[in-house]
Amino acid sequence: MTILGPLLMAGVFVVPIWLAMRDKTDHRILVLDKTGIFIDKLPDSKTIKFTYGAESLPSAKAKLKDGPFDLIMVIAGDPINADRAEPFLYYVKQPGMSTEQYISNSMENILFDYRLQGDSIDVSKIDRARRPVEIQTIKVTQEGKDEKTNTDTNMIVGFVCAIIIYFMIFLYGSQVMRGVIEEKTNRIVEVMISSVKPFQLMLGKIVGIALVGLTQFILWILLTFLIQSTVVNVMFKDQLADVAKQNAQVEKVNRNDLSANIPSMKKVKSPNEVIERINEFQNIDITKILICFAFYFLFGYLLYAALFAGIGSAVDSEADTQQFILPVTVPLIASFIIAQAVATDPDSGMAQFFSIFPLTSPIVMMVRLPFDVPVWELLLSMVLLVLGFLFFTWLAGRIYRTGILMYGKKAGWKEIGKWLFYKG
Amino acid sequence: MNPIIEVKHIHKQYANHVALDDVSLAIAPQKIFGLLGPNGAGKTSLIRIINQITGPDKGEVFFQGARLSPEHVDYIGYLPEERGLYKKMAVGEQAMYLAQLKGLKKNDAKVRLKEWFRKFEIDSWWDKKIEELSKGMQQKVQFIVTVLHEPKLLILDEPFSGFDPINAQLIKKEILELREKGATIIFSTHNMGSVEELCDDIALINKSKKLLDGSVKEIRKAFRSSIYNITFKGNLLGFTNAVWAGAEFLEKKSDDDVHTVTLKLLRQNKPNDLLQAVLNSGEILSFQEVIPSMNDIFISVVEQRQTANTQSSFTE
Chain D
3 MTILGPLLMA
13 GVFVVPIWLA
23 MRDKTDHRIL
33 VLDKTGIFID
43 KLPDSKTIKF
53 TYGAESLPSA
63 KAKLKDGPFD
73 LIMVIAGDPI
83 NADRAEPFLY
93 YVKQPGMSTE
103 QYISNSMENI
113 LFDYRLQGDS
123 IDVSKIDRAR
133 RPVEIQTIKV
143 TQEGKDEKTN
153 TDTNMIVGFV
163 CAIIIYFMIF
173 LYGSQVMRGV
183 IEEKTNRIVE
193 VMISSVKPFQ
203 LMLGKIVGIA
213 LVGLTQFILW
223 ILLTFLIQST
233 VVNVMFKDQL
243 ADVAKQNAQV
253 EKVNRNDLSA
263 NIPSMKKVKS
273 PNEVIERINE
283 FQNIDITKIL
293 ICFAFYFLFG
303 YLLYAALFAG
313 IGSAVDSEAD
323 TQQFILPVTV
333 PLIASFIIAQ
343 AVATDPDSGM
353 AQFFSIFPLT
363 SPIVMMVRLP
373 FDVPVWELLL
383 SMVLLVLGFL
393 FFTWLAGRIY
403 RTGILMYGKK
413 AGWKEIGKWL
423 FYKG
Chain Y
3 MNPIIEVKHI
13 HKQYANHVAL
23 DDVSLAIAPQ
33 KIFGLLGPNG
43 AGKTSLIRII
53 NQITGPDKGE
63 VFFQGARLSP
73 EHVDYIGYLP
83 EERGLYKKMA
93 VGEQAMYLAQ
103 LKGLKKNDAK
113 VRLKEWFRKF
123 EIDSWWDKKI
133 EELSKGMQQK
143 VQFIVTVLHE
153 PKLLILDEPF
163 SGFDPINAQL
173 IKKEILELRE
183 KGATIIFSTH
193 NMGSVEELCD
203 DIALINKSKK
213 LLDGSVKEIR
223 KAFRSSIYNI
233 TFKGNLLGFT
243 NAVWAGAEFL
253 EKKSDDDVHT
263 VTLKLLRQNK
273 PNDLLQAVLN
283 SGEILSFQEV
293 IPSMNDIFIS
303 VVEQRQTANT
313 QSSFTE
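Heads up: the sequence lines are chains D and Y, in that order.
Sequence positions in the first sequence follow the working numbering and run 3 to 426.
Sequence positions in the second sequence follow the working numbering and run 3 to 318.
Heads up, some of the hints might be wrong.
Computed beta-carbon distance windows for the label pairs [to be verified]:
(1) Y:GLU134 <-> D:ILE158: 33 to 41 Å
(2) Y:ASN109 <-> D:GLY419: 33 to 41 Å
(3) Y:PRO72 <-> D:GLY351: 43 to 51 Å
(4) D:LEU386 <-> Y:PRO72: 30 to 38 Å
(5) Y:SER163 <-> D:GLN325: 28 to 36 Å
(6) Y:SER163 <-> D:SER231: 53 to 61 Å
(7) Y:ASP59 <-> D:ILE223: 45 to 53 Å
(8) Y:GLU182 <-> D:ILE223: 40 to 48 Å
(9) Y:GLN306 <-> D:THR331: 50 to 58 Å
(10) Y:ALA17 <-> D:ALA336: 29 to 37 Å
(11) Y:ASN109 <-> D:PHE355: 52 to 60 Å
Quick caveat, the hints were computed from the structure, so don't treat them as lab data.
Remember, predicted model here, so these are calculated numbers, not experimental data.
Note that CB positions come from ideal geometry on N, CA and C, so glycine has one too.
With these hints in hand, go ahead and build the complete structure from the sequences.
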């Protein structure tokens, strides 16, 4: 899993790019333009080359079979005034979606400019009229300084953290549970606890898997990043450049060179936005987020892992875990659902309660955090989480030390309740 | 000598069943101590308390005179009845881990392990995974791990289960050798044959109570019931007539004129009286006292207690 994980993750990034790039076939297109609008105007790309001709369709079709063309496009009628221009594309072997998309985009751009020019409308005026609105949220800090923030970015940061915590708790929590069940069914546990205290063994298991998880996690991030960037850069270098060029070309055609005068128009999809997002990250107070992430990740995991260990000790096989695992997974899943509601309204009473309640706070608080949580709420939430961790670990420890020595008897809730009060 | 382990008035209760009821024991050092009892008698509960896996509800345990405490676990080696190892781990790695858990230094552990592996002729298993070994092979590894840190007290719960006769013999030899080297061994079993063979002292536990304890020799002596076995050549009728008033006949076997008779002497009759009676009836080929086996004692004591219980419940 350690190595496979990053490969899979990288795959998730790389495969779509690869799929998009796959349509590498060269196309030579013979354009029979009876309207004359498009002649010599369709831009060639690296794989798509346009040639213009005037012969009849039957004689052109012969060329389709023997080459050099693999596509014939026939443009007829009145594309300028039609509701929808409908050129015909003849093929022997069907071209990919991206080819079709490229052709129709290019034609739309040409028609757009043509129509505007026909109506004597200045393209730059249209662009001017269509400038977007983007709300710039600015936070007034305690010191009275202004800080630029962005609700979207805040939500994304909070959510990504919450999702990571959610999955890690599930993944490594159930790993703890399986480990305990394994030790129990192996019967090695009796040897172990003749050397160490059951509580020590349980904590050791939890901490051990936490370290495994952390190693894996770091490795995953590093490897995923490494594999992804290497693959993308090496394998798809040409294609990426190609796409960039193509986009630039399309945009150039689209703007008809006029948009160069209006820099704000380029904002969408420009690299500026990435830089802006990064700036906003910095405004969120990345250290605070990181510290809180580490804290909630750690204690959230510890709390749930203890519960999972308690469950593992009470059963004889993984199949028996169902009835006990539900009360543990319900708050976890619930907090994930609550988190979505919290993101839209981070200061509601519900958001406050669940971001302080220890079983849900690791996930809910992470979503709230980028929206500036009052310090006392954050501290209360943290203290309660630590107390919750201590309490549940103690509770799980009581169940554990009796549970691991019970074989063959299927314990119910009542039985487990009794274990809590056995003397050491 | 001071006992290595002293158990004083231990009570242990689970939900609604009493596992141990006022059990006291003293185990002398450098002895093999048999902890006997039928299934569910409370043996494992007692062993777990000595191992500090669980604590008693009442009572105390002393290790070499000091109250039992966590630092004593390094002096104890425990082979549980239900045993197992981490299946996915390599044999050597696992043995090293368990040895270090018992406080051995890494290098010592390695040297000792290599020695034991050679002794048991399992050197080649070092890098194998536990799950690749047969059950008997796993038991060998587990035995080594139990004794590796040279514990003063070795607790073996049914140690021979899962071993073939040859390996059981090997383990027996090792147990005796460990005693020679100074270890005390608590040996829990219901296999009475191995008790007579190995144990110096025993305690018999049934239904959470200690019924009996002491040295094997003395217990067997105490359970002597003047039963003798005599084989002679001659006249059976004459013999019967000579002794009938002083003995109860339990069993007779005849092969032509060779007779084997098992009988119980009654009243104050001594073996010599019996012999005198026989002298006139024929030629004595063999004469011996029948000492009850541990098995007989075990069964008779457990059954006696049960009938006593039923009787007392009648009177109540």
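State, for the Cβ atoms of ASP59 (chain Y) and ILE223 (chain D), whether the hinted interval 45 to 53 Å holds or is violated.
holds (52 Å)
So the hint says 52 to 60 Å: do the beta-carbon atoms of ASN109 (chain Y) and PHE355 (chain D) match that?
This hint holds: roughly 57 Å between Cβ atoms.
Can you let me know if the beta-carbon spacing of PRO72 (chain Y) and GLY351 (chain D) is within 43 to 51 Å?
holds (49 Å)
For the hint 50 to 58 Å, verify it against the beta carbon of GLN306 (chain Y) and that of THR331 (chain D).
holds (56 Å)
Whether the CB-CB distance between LEU386 (chain D) and PRO72 (chain Y) falls inside 30 to 38 Å
holds (32 Å)
How does the Cβ-Cβ distance of SER163 (chain Y) and SER231 (chain D) compare with 53 to 61 Å: does it lie in that range?
For SER163 (chain Y) and SER231 (chain D) the Cβ distance comes to about 59 Å; the hint holds.
Is the gap between the beta carbons of ASN109 (chain Y) and GLY419 (chain D) within 33 to 41 Å?
violated (48 Å)
33 to 41 Å was suggested as the range; check whether the CB atoms of GLU134 (chain Y) and ILE158 (chain D) agree with it.
Given range 33 to 41 Å: violated, Cβ gap about 49 Å.
Holds or violated: the 40 to 48 Å window for the beta-carbon distance between GLU182 (chain Y) and ILE223 (chain D)?
Check failed, 59 Å falls outside 40 to 48 Å.
Is it true that SER163 (chain Y) and GLN325 (chain D) lie within 28 to 36 Å of each other by Cβ?
holds (34 Å)
29 to 37 Å as the expected CB spacing between ALA336 (chain D) and ALA17 (chain Y), which holds or is violated:
holds (34 Å)
Hint violations for this structure: numbers 1, 2 and 8, all remaining hints satisfied.
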